[in-house]
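Engineer: Listed here are the chains, written in short residue letters.
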Amino acid sequence: MKIAVASGKGGTGKTTLSCAMAFAAQEKVTLLDCDVEEPNSHFFIRPEIEHQEQVFRPVPAVDETKCTGCGECARVCQFNAIVTVNGKTLVFNELCHSCGACVRICPTGALHEVDQPIGQIETGRRDHVRFVSGRLDVGQAMSPPLIRRTLEQADAESLTIVDCPPGTSCPYVTAVKACDAALLVTEPTPFGLHDLKLAVETIRDLGVPFGVAVNRMTEEKNPIQAYCEAEGIPLLIQIPEDRRAAEAYSRGEPINTVMPELNERLAQIPEQLKAMI
Amino acid sequence: MKELVIISGKGGTGKTSITASFAALADHPVLVDCDVDAADLHLVLQPEIQTSETFVSGHVAEIRTGDCTQCGLCMAVCRFDAITDFRVDAMACEGCGACVEFCPEKAIDFPEQECGIWHRSKTRHGSMVHARMHPGAENSGKLVSLLRTEAGKLAERENAGLILVDGSPGIGCPVIASITGADAVLVVTEPTLSGEHDLKRVLQLVSHFRIPAMVCVNKWDINKEMTSQIEALAESMNAVPVGRVPYDAAVTAAQVNARALVESSDGAAARAVRGIWGAIQKQLFAEECCHVAS
Ligand code: SF4
Ligand code: SF4
Ligand code: SF4
Ligand code: SF4
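Taken in sequence, the protein lines are chains V and A.
Residue numbering for the first sequence follows the numbering used here, starting at 76 and increasing by one per position.
Residue numbering for the second sequence follows the numbering used here, starting at 80 and increasing by one per position.
Everything labelled a hint here was simulated from the structure, so no lab data went into it.
No false leads were slipped in.
DSS-like cross-link-like pairs, simulated, lysine-lysine; straight-line CA separation at most 30 Å: (1) A/Lys232 to A/Lys221; (2) A/Lys279 to A/Lys81; (3) A/Lys201 to V/Lys272; (4) V/Lys163 to A/Lys221; (5) V/Lys141 to V/Lys163; (6) V/Lys349 to V/Lys272; (7) A/Lys221 to V/Lys272; (8) A/Lys221 to V/Lys252; (9) A/Lys279 to A/Lys303; (10) A/Lys279 to A/Lys361; (11) A/Lys361 to A/Lys303; (12) A/Lys81 to A/Lys201.
Here are the computed distance ranges between Cβ atoms for each label pair: (13) V/Ala342 to A/Pro325: 35 to 41 Å; (14) A/Phe364 to V/Pro309: 51 to 57 Å; (15) A/Thr144 to V/Ala342: 46 to 52 Å.
By construction, the Cβ of each residue, glycine as well, lies at the ideal position given by its N, Cα and C atoms.
Make the full structure from the sequences, and use the hints.
Structural biologist: Dropping the structure here:
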């Protein structure tokens with residue numbers, strides 16, 4: 076089973092929770108870090124990296140000797156990633172979505188695809204946790220192809236936990252859509268509630284079953300509980316606000332070490348989500 | 080007119096709280112919320128919406144079942160696995176148009192897609208441009224560019240001296256659209272291992288676009304050593320450290336009451352933010368006199 080750990084916004088504790096759940100699991104588990112713009116889970120897992128591989132995506136390249144400057148490629152491209160000026164054809168890699176339409180349409184066969192590196196995938200291990208992380212190269216704008224490649228590394232046999240990109244747009248959708256269930260992480264503040272609502276709206280469109288985790292709970296009344304009750308969303312775990320947790324985080328330690336009392340609860344979450352599928 | 084963009088290597092570092100405080104401290108700037116994916120600035124500034132417009136960008140394919148002969152070519156052409164059983168999954172469609180182009184029956188429509196709504200508003204600290212993306216919509220980069228352009232026009236009309244932009248997190252397409260062409264960037268970070276790592280990546284991006292950068296460390300006292308390490312890193316990457324904000328419960332309290340920190344508190348964090356604003360003004364407007372002279 077693949078569980079997405081997601082949130083409407085960054086910084087709510089998605090990585091903290093993904094790692095804590097991986098460590099608390101009683102079985103073999105794979106952790107996929109799909110927050111490829113800012114992958115952070117390796118700080119907490121501290122895996123021994125066994126393998127590293129470059130990820131590429133295809134972009135068109137022009138054979139000038141064959142190009143007649145007919146402009147068909149520029150016409151078909153929806154992203155203005157290829158232009159023909161004065162009979163010469165130019166490709167703007169950053170804008171290209173690698174759809175292949177221009178290559179297919181070129182009447183003279185002047186276009187072919189070349190592999191452009193966009194990032195890396197690292198795999199490793201620590202105790203019962205298999206670790207896979209995608210990392211986008213700085214200056215690359217297209218994260219979904221790398222996210223898709225990272226997701227392919229899931230283990231079909233055992234539990235897979237996916238640390239998703241923040242937000243509610245294409246990178247988030249790419250990652251969450253590929254999962255069987257999701258845990259939405261939020262904070263007990265008006266900001267947290269607002270972002271949670273957006274994440275819920277999107278995930279309902281995607282049809283993925285989900286529960287909520289509240290991070291940094293204080294004694295005070297908070298709006299999340301009432302919202303979840305009203306919407307019939309199961310609140311699966313509440314992690315108390317604790318300076319020890321903030322300090323552990325700053326040192327790159329999982330919260331399991333400073334709050335071991337949470338382990339039992341964490342280990343149950345996959346089962347509870349499974350029951351919702 | 081100057082444009083300052085406040086960003087962070089990742090979300091949740093206090094970027095929006097700090098932006099809201101700057102809005103209160105500056106003299107009626109034009110405000111822009113470019114964190115279109117998870118816009119929060121309006122929760123603090125409570126804008127009164129003046130005008131709203133839809134934002135359309137890109138297209139989505141739609142197969143007309145009646146005209147489709149089920150030849151299957153579109154499925155072979157689509158690189159995004161968006162077509163199954165002769166139906167397009169709008170969430171998966173990238174709008175590349177390949178299927179539209181190559182369908183032998185011309186059985187695929189390609190309507191423009193509405194991606195969100197954007198607003199011009201008034202707040203107690205100045206005009207504001209902000210937006211809301213539809214869930215799962217694409218092209219936040221384009222929306223961010225649109226917001227900044229509109230803010231520029233508004234600033235000109237209102238004769239504002241400053242545009243304050245709450246930028247997007249990350250290092251991908253929206254943040255690139257948030258910072259290109261800005262006068263300066265302030266990166267808000269936290270003294271954590273991941274904060275340090277994210278700062279490094281975001282400063283690489285900023286220097287790639289040759290934009291002057293400043294750095295401030297939020298919750299600096301949760302890990303003092305790391306704070307020094309981060310400031311040293313910033314300096315080594317040509318970014319100017321402009322201050323430290325301590326861990327302070329007043330920050331969350333301000334959020335809960337929909338106030339900027341400097342409006343609701345005179346505590347340690349609020350004083351730190353005032354100090355940082357002073358330092359930023361010095362950096363931002365340092366060359367102003369020379370501009371006037373030349
Ligand atoms: S379609 Fe082919 S021949 Fe025509 S301009 Fe493009 S690359 Fe050149
Ligand atoms: S592959 Fe697609 S997006 Fe890239 S240049 Fe060709 S038509 Fe444009
Ligand atoms: S290419 Fe056109 S006719 Fe063929 S299956 Fe697709 S929509 Fe139908
Ligand atoms: S427009 Fe492109 S992505 Fe969308 S269905 Fe057609 S081929 Fe696939």
